[in-house]
Amino acid sequence: MPEIDHPQPFAFAALDMKAKLEDDTYDARLAELQGRLVAIEQTYLGSKESAVIVFEGWDAAGKGGAIRRISNVLDPRGFKVWPIAAPSPEDLKRHYLARFWERLPKAGEIAVFDRSWYGRVLVERVEGFAPEADWRRAYGEINAFETTLADAGIRIVKIFLAITREEQLARFVKRMDDPLKRWKLSAEDFRNRGKWDAYIEAAEEMIAKTSTADAPWHVIPSNSKKYSRITALQAVADRLSSGLDLTPRPLPPDVAEAARQAVEAEKEAKQS
2 MPEIDHPQPF AFAALDMKAK LEDDTYDARL AELQGRLVAI EQTYLGSKES AVIVFEGWDA
62 AGKGGAIRRI SNVLDPRGFK VWPIAAPSPE DLKRHYLARF WERLPKAGEI AVFDRSWYGR
122 VLVERVEGFA PEADWRRAYG EINAFETTLA DAGIRIVKIF LAITREEQLA RFVKRMDDPL
182 KRWKLSAEDF RNRGKWDAYI EAAEEMIAKT STADAPWHVI PSNSKKYSRI TALQAVADRL
242 SSGLDLTPRP LPPDVAEAAR QAVEAEKEAK QS
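Quick note: the sequence shown, position 92, residue 93 per our numbering, numbers continuous.
For the record, the hints were derived by calculation from the structure and aren't laboratory data.
Just so you know, not all the hints are guaranteed correct.
With a cut-off of at most 25 Å between alpha-carbon atoms, the simulated BS3-like pairs for lysine-lysine come out as follows [said to hold, decoys possible]:
| # | residue 1 | residue 2 |
| --- | --- | --- |
| 1 | Lys21 | Lys226 |
| 2 | Lys182 | Lys81 |
| 3 | Lys19 | Lys271 |
| 4 | Lys81 | Lys185 |
| 5 | Lys81 | Lys226 |
| 6 | Lys21 | Lys210 |
| 7 | Lys175 | Lys94 |
| 8 | Lys226 | Lys175 |
| 9 | Lys175 | Lys49 |
| 10 | Lys227 | Lys185 |
| 11 | Lys227 | Lys210 |
| 12 | Lys185 | Lys226 |
| 13 | Lys21 | Lys175 |
| 14 | Lys19 | Lys268 |
| 15 | Lys49 | Lys19 |
| 16 | Lys49 | Lys81 |
| 17 | Lys49 | Lys107 |
| 18 | Lys210 | Lys196 |
| 19 | Lys81 | Lys107 |
| 20 | Lys227 | Lys182 |
| 21 | Lys185 | Lys175 |
| 22 | Lys182 | Lys226 |
| 23 | Lys196 | Lys182 |
| 24 | Lys19 | Lys227 |
| 25 | Lys21 | Lys49 |
| 26 | Lys81 | Lys227 |
Beta-carbon label-pair distances, calculated as ranges [said to hold, decoys possible]:
| # | residue 1 | residue 2 | range |
| --- | --- | --- | --- |
| 27 | Glu23 | Ala99 | 37 to 47 Å |
| 28 | Pro254 | Asp179 | 19 to 29 Å |
| 29 | Pro217 | Ser187 | 30 to 40 Å |
| 30 | Asp17 | Ser187 | 29 to 39 Å |
| 31 | Pro180 | Ser72 | 15 to 25 Å |
| 32 | Gln262 | Pro180 | 33 to 43 Å |
| 33 | Arg261 | Thr148 | 11 to 21 Å |
| 34 | Ala257 | Phe173 | 23 to 33 Å |
| 35 | Pro254 | Pro217 | 38 to 48 Å |
| 36 | Lys175 | Pro8 | 18 to 28 Å |
| 37 | Pro84 | Asp135 | 32 to 42 Å |
| 38 | Gln235 | Ala14 | 22 to 32 Å |
These numbers were taken from a predicted model, which means no experiment stands behind them.
Where is the CB? At the ideal position from N, CA and C, for every residue including glycine.
Let the sequences and hints guide you as you build the complete structure.
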C-alpha cells in the first residue's frame with residue numbers, strides 16, 4: 002500500500018489558536034462563499050465532476066456548523082451529507098472502507114462526510130478497537146483509497162477543525178445549559194477528555210501520513226467559530242472550483258423554443 006516516504010511532521014502546537022475574523026466582515030464573506038458554492042453545484046449538475054468533502058476534528062469543534070453553512074444553500078438533488086457513527090455489527094463483518102465506498106458521489110454530485118474512514122486511525126486506534134497492526138496498515142490503505150478516487154476524477158477536500166482543550170470544555174458546558182443542544186453531549190465526550198494527549202498524537206500522525214498532493218489536509222484553528230467556518234468554506238470552494246468555468250450554462254435551445262411557443266400560445270389565447 003502506498004505510504005508517504007518522508008511525511009512532513011505536523012504539530013497542533015504550531016497553530017495560531019487565536020486566529021479570528023472581524024465580525025463586520027463575516028456576513029459578507031459568508032454570502033460570497035455560499036454564492037460560489039451554489040455556482041459550483043450548478044456547474045457539477047449534469048457534468049462528470051464530483052467531489053468528496055471530509056470533516057474531522059475534535060468534539061464540539063464546529064463540524065456541524067460548518068457543514069450547515071454549506072448544506073443550507075445547496076440543492077439536495079446534487080448534495081448529500083453522510084453523518085458517520087460507529088460501525089454497525091454488519092459493518093464489522095466487512096472491510097472498514099466498504100461502507101464508505103457505498104456512499105461515494107456519482108457524477109455531478111457532492112458528498113460530505115461528517116467524520117469518515119479516518120476513524121480507523123483516530124478513535125479505533127486510541128480506544129483500542131483496532132489492533133496496532135491494523136491501524137498502522139490503514140495509513141497506506143487510506144492513501145490508496147483516496148488516490149483511486151482522485152484518479153477517477155473525484156475531487157477531495159479534507160478539513161480538520163482544531164480547538165483547545167479549554168475551549169472544548171467551555172462549549173460542552175454551554176451545550177449543557179442549552180436545552181436544544183444537550184442531545185449532542187454524552188458521558189463519553191467528557192471521558193474522552195482524559196485521553197486528550199493520545200488523540201493529539203494520533204491526529205498529528207494521521208495528518209502527517211495522509212496529507213498528499215491529491216488530498217491534502219486543511220487544519221483550521223477553530224476557537225473562533227466565524228474564522229473556522231469562513232476558512233473551511235474557502236478551502237472547499239477553492240478546491241471544488243479549481244480549473245472550472247462557473248459561468249451559468251445557457252438555456253438549452255429546446256427549452257427556449259418551448260418557452261417561446263408557450264408564451265405565444267398564451268398571448269393568442271387571451272386575444273381570441
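Tested hints:
no. : hint                        : result
1   : Lys21 - Lys226              : holds (8 Å)
2   : Lys182 - Lys81              : holds (23 Å)
3   : Lys19 - Lys271              : violated (66 Å)
4   : Lys81 - Lys185              : holds (21 Å)
5   : Lys81 - Lys226              : holds (23 Å)
6   : Lys21 - Lys210              : violated (28 Å)
7   : Lys175 - Lys94              : violated (39 Å)
8   : Lys226 - Lys175             : holds (14 Å)
9   : Lys175 - Lys49              : violated (44 Å)
10  : Lys227 - Lys185             : holds (20 Å)
11  : Lys227 - Lys210             : violated (29 Å)
12  : Lys185 - Lys226             : holds (17 Å)
13  : Lys21 - Lys175              : holds (20 Å)
14  : Lys19 - Lys268              : violated (63 Å)
15  : Lys49 - Lys19               : violated (40 Å)
16  : Lys49 - Lys81               : holds (17 Å)
17  : Lys49 - Lys107              : holds (8 Å)
18  : Lys210 - Lys196             : holds (21 Å)
19  : Lys81 - Lys107              : holds (11 Å)
20  : Lys227 - Lys182             : holds (19 Å)
21  : Lys185 - Lys175             : holds (11 Å)
22  : Lys182 - Lys226             : holds (16 Å)
23  : Lys196 - Lys182             : holds (24 Å)
24  : Lys19 - Lys227              : holds (12 Å)
25  : Lys21 - Lys49               : violated (37 Å)
26  : Lys81 - Lys227              : holds (23 Å)
27  : Glu23 - Ala99: 37 to 47 Å   : holds (45 Å)
28  : Pro254 - Asp179: 19 to 29 Å : violated (54 Å)
29  : Pro217 - Ser187: 30 to 40 Å : holds (32 Å)
30  : Asp17 - Ser187: 29 to 39 Å  : holds (30 Å)
31  : Pro180 - Ser72: 15 to 25 Å  : holds (24 Å)
32  : Gln262 - Pro180: 33 to 43 Å : violated (56 Å)
33  : Arg261 - Thr148: 11 to 21 Å : violated (49 Å)
34  : Ala257 - Phe173: 23 to 33 Å : violated (56 Å)
35  : Pro254 - Pro217: 38 to 48 Å : holds (42 Å)
36  : Lys175 - Pro8: 18 to 28 Å   : violated (36 Å)
37  : Pro84 - Asp135: 32 to 42 Å  : violated (24 Å)
38  : Gln235 - Ala14: 22 to 32 Å  : holds (24 Å)
Checked against the numbered hints listed earlier, the structure breaks hints 3, 6, 7, 9, 11, 14, 15, 25, 28, 32, 33, 34, 36, 37; every other hint is satisfied.
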